[in-house]
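Residue numbers (the working numbering), protein chains in the order written: chain A, 1 to 559; chain B, 560 to 641.
Keep in mind that the hints are not guaranteed to be accurate.
Stated by the list, open to error - List of simulated lysine-lysine pairs, DSSO-like, C-alpha gap at most 30 Å:
(1) Lys600(B) x Lys210(A)
(2) Lys383(A) x Lys125(A)
(3) Lys111(A) x Lys444(A)
(4) Lys125(A) x Lys522(A)
(5) Lys507(A) x Lys522(A)
(6) Lys507(A) x Lys111(A)
(7) Lys220(A) x Lys600(B)
(8) Lys383(A) x Lys111(A)
(9) Lys320(A) x Lys600(B)
(10) Lys210(A) x Lys594(B)
(11) Lys507(A) x Lys444(A)
(12) Lys111(A) x Lys125(A)
As the list claims (entries may be wrong) - Per label pair, the in silico range of CB-to-CB distance:
(13) Ile573(B) x Ile474(A): 50 to 56 Å
(14) Pro596(B) x Phe246(A): 51 to 57 Å
(15) Val616(B) x Ala12(A): 22 to 28 Å
(16) Phe558(A) x Asp599(B): 28 to 34 Å
(17) Leu584(B) x Phe24(A): 16 to 22 Å
(18) Ser110(A) x Val592(B): 55 to 61 Å
Hints were generated in silico from the structure; no laboratory data involved.
All figures in this text were calculated on a predicted structure; none of them were measured in a lab.
We treat Cβ as the ideally placed atom computed from N, Cα and C, and that holds for glycine.
One letter stands for each residue in the lines below.
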Amino acid sequence: MLAQQSILRLDATAIDYIIIALYFVFVLGIGYLARRAVSNSLDFFLSGRSLPAWVTGLAFISANLGAIEIMGMSANGAQYGMPTVHYFWIGAIPAMLFLGVVMMPFYYGSKVRSVPEFMLRRFGKPAHLVNAISFALAQVLIAGVNLFLLATIVNVLLGWPIWVSVIVAAVIVLSYITLGGLSAAIYNEVLQFFVIVAALLPLTLIGLHKVGGWQGLVDKVTASPGGSEQMSAWPGNALSGFSNDFLSVIGIVFGLGFVLSFGYWTTNFVEVQRAMASKNMSAARRTPIIGSFPKMFVPFIVIIPGIIAAVIVPELAQFKATGSGEVDYNDAILLLMRDLLPNGMLGLAITGLLASFMAGMAANLSSFNTVMSYDIIERYVIKDRPDDFYLRTGRWATVAGTLIAIGTAAIASGYSNLMDYLQQLFSFFNAPLFATFILGMFWKRMTAAAGWIGLVSGTATAILVFVLSETGVINLPGQGASFVGAGAAFVVDILISVLVSTVTRPKEESELVGLVYSLTPKEQRTEVRLRGDHGWYRRPVLLAGISLAMTIVLNIVFG
Amino acid sequence: MADKKKAGAFDIRIVIATLVGIYGLVLTVLGIVEKQPEIDKAAGININLWGGIGMLVFTAVFVLWARLRPIAVPIDSEPADE
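With these hints in hand, go ahead and build the complete structure from the sequences.
See the structure below:
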C-alpha cells in the first residue's frame, strides 16, 4: 500500500493537529456523558428507546456515511462520474422511505430488540440463527474495512505505520462504545455528521471554483478519458458493466435500486437499530424519512469532489488515462485536500475523514454487540441470567468485535476498489434477507422452514455468482456482478421460499399478529399521536412523499 | 414521558454548537491573518475566513434552537390542535 514517504502526505501543521485533537476530546467526552444514562441493557443497546427523531434520523445516515461511503463513493465518482448518484437517488432514498412508511411499524410495533429477533418471532430458530450469525460476520468484516481505511488516512497524514494507527483508532472507538453504548454511538454520529459536512462542503466549493464552476467541470470531464457520459446519471453503462443501455437501466433499477438497496436499508440492523432507539412509533417511522433529506444531498459533497479530483489532480488524471501510477481512485478525496486546502481547513477536513471512519466502525460494532448479546449469547449460549450480565456481555462483545475487526482489516487491503468488495458482501447477506422479510411480512402462508431454507439458498446463489464472476465464467466489469448476484439471490430466495411453503405447515395465525401485514390490525400498524408528534411536518407519509418528489426532480435535473 | 429525562441528561445540540463554535473561531482568526500563497492554493478564496464565519453562524443557529426548544420539556411545546 502507501509508502511512508507518500506523495499523498498532507502538509499538516500544529494548528491542524489541534483541530483534530479537539475533536477527539469531544468524542470521548460524549462517551463519558452518555455513560451516566446507562443503567440497564436496554439503555446500552437501544438508548432506552428515548431519542428524538432528528437525532436518530441524522445518526441513521451518519452510521452509513462511514469512510467506506466517502472514500468509496468519491472513488466511484472519479472512476464512473455521475452514474454513482444512483447509489443515493435510486438506491438509498426509495429504500429509506419504504422502511419508514411500510416496514418500521412491524419493527417498532412488535417491540423486538433487533432485526434477527424479528426473524425469530416470524420464522423461528433456524432462520434466526442463520440471520444472526451472518449479520455478526458481515459487521466485523465491514468494521475491518473501516479500520483499514482509517489506517490508510493516518498513515498518509502522519506517516504512522498502518498497524499503530489501526490499534489507536480501535481503542478510541472501543472506549466510547463500551462506556456509553448506543447513545454514545448515536450522539457521536450526529456530531460526526456536522463535522463531515463542515469538512467536505468547503472542499467541494473550492474545487468547483477551481475548475470554473459547473460548466467548467462539464467541459473538463467531457474532454477526459470516459467522456461526456460521465456527467449524466443514466444509463450508467460503465457503472453497471452492461454495454446495452436498456439492460444497464434494468440492472441499476432492479439490481442496485430494488434488491441491493432495499436489502441494505430495510433489513440491515445497523440502520434499523437507530430507528429502534427513537422515543415512539411516529419518531421511529420518521427516522429514515428525515434522514433521506440530507442523504439526497450527500452526493454533492462526496461524488462531485471525486469527479473534480479526476480532472484537476495530475496524478489521478494520469492514473485514469493510463491505468497505472502512484495513486488510485480511492485516493481522490485525499489528493484534492492536499492540493486545495490551506492549513486550518486542512485539519478540519482530516478530522472529517477520521470522524467518518469512526462513525462507520462504531455503527458496525454497536450493532454487532447487540446481536451478539441478545440474539446469540442470551438466546443460545448462556440463558436466563440477570440483565446486568448481558450488559457486561455487550461490553465484552464490543472488545471481541474490535479485535476481530483488526484481523479483517487485512482482508480489505486486498481490493483496489473497496466499494466493489462491499457490494459483494451486501449481496451475500442483504439481498436474500430482504426477499425473506418482504415475503414473510406480506404472505402469512410462508412457513418457518421456508424462512431459513430460502435464506440459505439465496445466500448460496449470491456466493455462486461471485465465484463465477471471479473465475471469469460471467464477465461483467464495474459493479454489474454484484447487481446480478443480488438479483439472482433475491429471485432464488423467493422461489425456494414459495416452494417450501407449499409443502410445509404454516404457523398459527394468532402467533403472527404484529408480524404479518394482513393479520395486524390497522391501529397497531399506525402510530398513536403523542405529544410532540403534531404538525403536518411530523407526519411520516407526507414527509416521505415530499422526499420522493425531491428525489425525482434531482434524477431529472442530473439525468 | 418518564424516560425522557434520562436522554436529556445533556443536550447534544449544545455539544455540537460548542465544537463547531471553537472551530469557527480558530478558522476565522486564521483567515484574518492568512498569507497570500495559502489563499492562492484554495483557488483564490480565503476559505478559512469564510468557512470560519459560516461555522459561527451555524453555532448561533444551534444555540438559538436549543434555547427556544429546550430538551427538558417535550420537544413540541405548542398546543396539540390537530
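Evaluation of the provided hints:
1. Lys600(B) x Lys210(A): The hint holds at about 10 Å.
2. Lys383(A) x Lys125(A): OK: Lys383(A) and Lys125(A) at ~15 Å, within 30 Å.
3. Lys111(A) x Lys444(A): Given that 30 Å is the threshold and the Cα spacing comes to 20 Å, the pair holds.
4. Lys125(A) x Lys522(A): Holds, because 28 Å separates the two Cα atoms, which is no more than 30 Å.
5. Lys507(A) x Lys522(A): Holds, at about 21 Å.
6. Lys507(A) x Lys111(A): Roughly 20 Å between the alpha carbons, so the hint for Lys507(A) and Lys111(A) holds.
7. Lys220(A) x Lys600(B): Between Lys220(A) and Lys600(B) the Cα gap is close to 20 Å, so the pair holds against 30 Å.
8. Lys383(A) x Lys111(A): holds, 20 Å
9. Lys320(A) x Lys600(B): Judged against 30 Å, a Cα distance of about 24 Å means the pair holds.
10. Lys210(A) x Lys594(B): holds, 19 Å
11. Lys507(A) x Lys444(A): Distance of about 8 Å is within 30 Å: holds.
12. Lys111(A) x Lys125(A): Holds, at about 18 Å.
13. Ile573(B) x Ile474(A): 50 to 56 Å: The hint (50 to 56 Å, Cβ to Cβ) holds, given that Ile573(B) and Ile474(A) are roughly 54 Å apart.
14. Pro596(B) x Phe246(A): 51 to 57 Å: holds, 52 Å
15. Val616(B) x Ala12(A): 22 to 28 Å: holds, 26 Å
16. Phe558(A) x Asp599(B): 28 to 34 Å: Roughly 31 Å apart at Cβ, these two residues keep to the hinted range, so it holds.
17. Leu584(B) x Phe24(A): 16 to 22 Å: holds, 19 Å
18. Ser110(A) x Val592(B): 55 to 61 Å: holds, 59 Å
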